[in-house]
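Those protein sequences? They're chains A and B, same order as listed.
According to my numbering, the stretch in the first sequence is residues 561 to 715, in order.
According to my numbering, the stretch in the second sequence is residues 17 to 198, in order.
Just so you know, these hints were derived from the structure itself, not from any lab.
Positions of the beta carbon are idealized from the N, C-alpha and C atoms, including for glycine.
The reader is advised that the hints may include incorrect statements.
[To be verified] Estimated spans, in silico, between C-beta atoms of each pair:
1. A:681 - B:55: 45 to 55 Å
2. B:24 - A:702: 31 to 41 Å
3. A:643 - B:130: 35 to 45 Å
4. B:20 - A:596: 55 to 65 Å
[As the list claims (entries may be wrong)] In silico DSS-like cross-links for lysine-lysine, where the CA-CA straight-line distance does not exceed 30 Å:
5. B:198 - A:639
6. A:629 - B:168
7. B:198 - B:108
8. A:629 - B:108
9. B:94 - B:77
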Amino acid sequence: MRLLSLFIFIVTLAFSINAVKASPVDTYEFQDEVTKIRFQALTKELRCPKCQNQNLADSNSPIAADLRKELYELLQQGKADIEIVNFMVDRYGEFVLYRPRVSSLTYVLWFGPAVLILLGFIVVIVIVRRKPVAQKDLVLSKEQQDKLNNFLNDK
Amino acid sequence: MGKLIRFLPLLLVIALGVVLYRGLSLNPQAMPSALVGKMMPAYSLQTLKDNGQVVTQADLKGDIVLVNVWATWCPTCKYEHPYLVDIAKDPKVKLYGLNYKDDRPAAQQWLKNYKDPYVFSIFDEEGTLGLDLGVYGAPETFVIDHHGIIRKRFAGAIDTKVWRREFEPLIAQLIEEKKQGK
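Construct the complete structure from the given sequences, taking the supplied hints into account.
Written out as structure tokens, the structure is:
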């Protein structure tokens, strides 16, 4: 019985989380499944110009609704994804892309992490290679060993 | 050299701190417009006053044209309005309105109540021209030069301070360019 109520609790919790995450609902009809998936993908990829930390799919702002409508119409006209993205960039700038294009402005963004990892590897390799040299120095010379033995024997 | 390397992490942290501190004072809402340097987009829309009168980009006459995006649903536009009435008196510029996604009778009443600073207002009920201009709110103001090229987009309210800081230098520059025959 307890197990059952726990199960019901978890299920309701899961549903309520879903309800909180619900996005604004537009009723768009698509002629095929592919277009629908492309619409969903593009609304996730494109950023709302007004509420800057939300994509078009999540945002409730009027401009996001307008852009979703425009996106839908462009899809209905049979425009390719790249044409639609260019359409948006021409009007709202590179800013609307959540995945910025590779350009001289975004080189640091795209290749910075790889360069940092590479630097990290180089540092690690340098440190690891140094170690044997350091260990050689740790070996006591004959004189030092004798001195040490004397101290130990004194006790 | 060995001693210098010891200070390297400290120096890196300080450099990072400087970069991040600078980031705090930047305005994340300020975006460069994709349209600066491009021609005014083509359109064919009714004017606010007269639904029988259709205007196009060719009707924005003047050496320096200001296009102000406004709407009655926009409270900041109300704040800005008296300053626009003043700016319209300046013979150096021609001020046009773009009534963006608005209700025609309400907008006409607004201009009756608060004076009409615009040569005319374009009535963009669906926001199509707004979309072509990359408008994402109101008020916004565009500066167009004598070639019909958009030179500036300013998002937010204009008042005397903003006008002096953001617009006057550009207007002086545009007058100079026109003189030199550019």
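For the pair residue 681 (chain A) and residue 55 (chain B), does the Cβ-Cβ distance stay inside 45 to 55 Å? holds, 50 Å
### Query
In this structure, is the beta-carbon distance linking residue 643 (chain A) and residue 130 (chain B) contained in 35 to 45 Å?
holds, 42 Å
- Query: Are residue 198 (chain B) and residue 108 (chain B) close enough, with their CA atoms no more than 30 Å apart?
  - Reply: holds, 18 Å
Check: Taking 55 to 65 Å as the hint, is the beta-carbon distance of residue 20 (chain B) and residue 596 (chain A) inside that range?
Finding: holds, 60 Å
Quiz item: Quick one, are residue 94 (chain B) and residue 77 (chain B) close enough, alpha carbons at most 30 Å?
Solution: Status holds; Cα separation ~26 Å.
Does the beta carbon distance between residue 24 (chain B) and residue 702 (chain A) stay inside 31 to 41 Å, or does it fall outside?
The hint (31 to 41 Å, Cβ to Cβ) holds, given that residue 24 (chain B) and residue 702 (chain A) are roughly 39 Å apart.
* Mind checking the alpha carbons of residue 629 (chain A) and residue 168 (chain B) for me, to see if they're no more than 30 Å apart? => holds, 27 Å
Between the alpha carbons of residue 629 (chain A) and residue 108 (chain B), is the straight-line distance 30 Å or under?
Given that 30 Å is the threshold and the Cα spacing comes to 39 Å, the pair is violated.
Next pair to validate is residue 198 (chain B) with residue 639 (chain A); report whether the Cα-Cα distance is within 30 Å. The hint is violated at about 38 Å.
Comparing the model with each earlier hint shows violations of hints 5 and 8; every other hint is respected.
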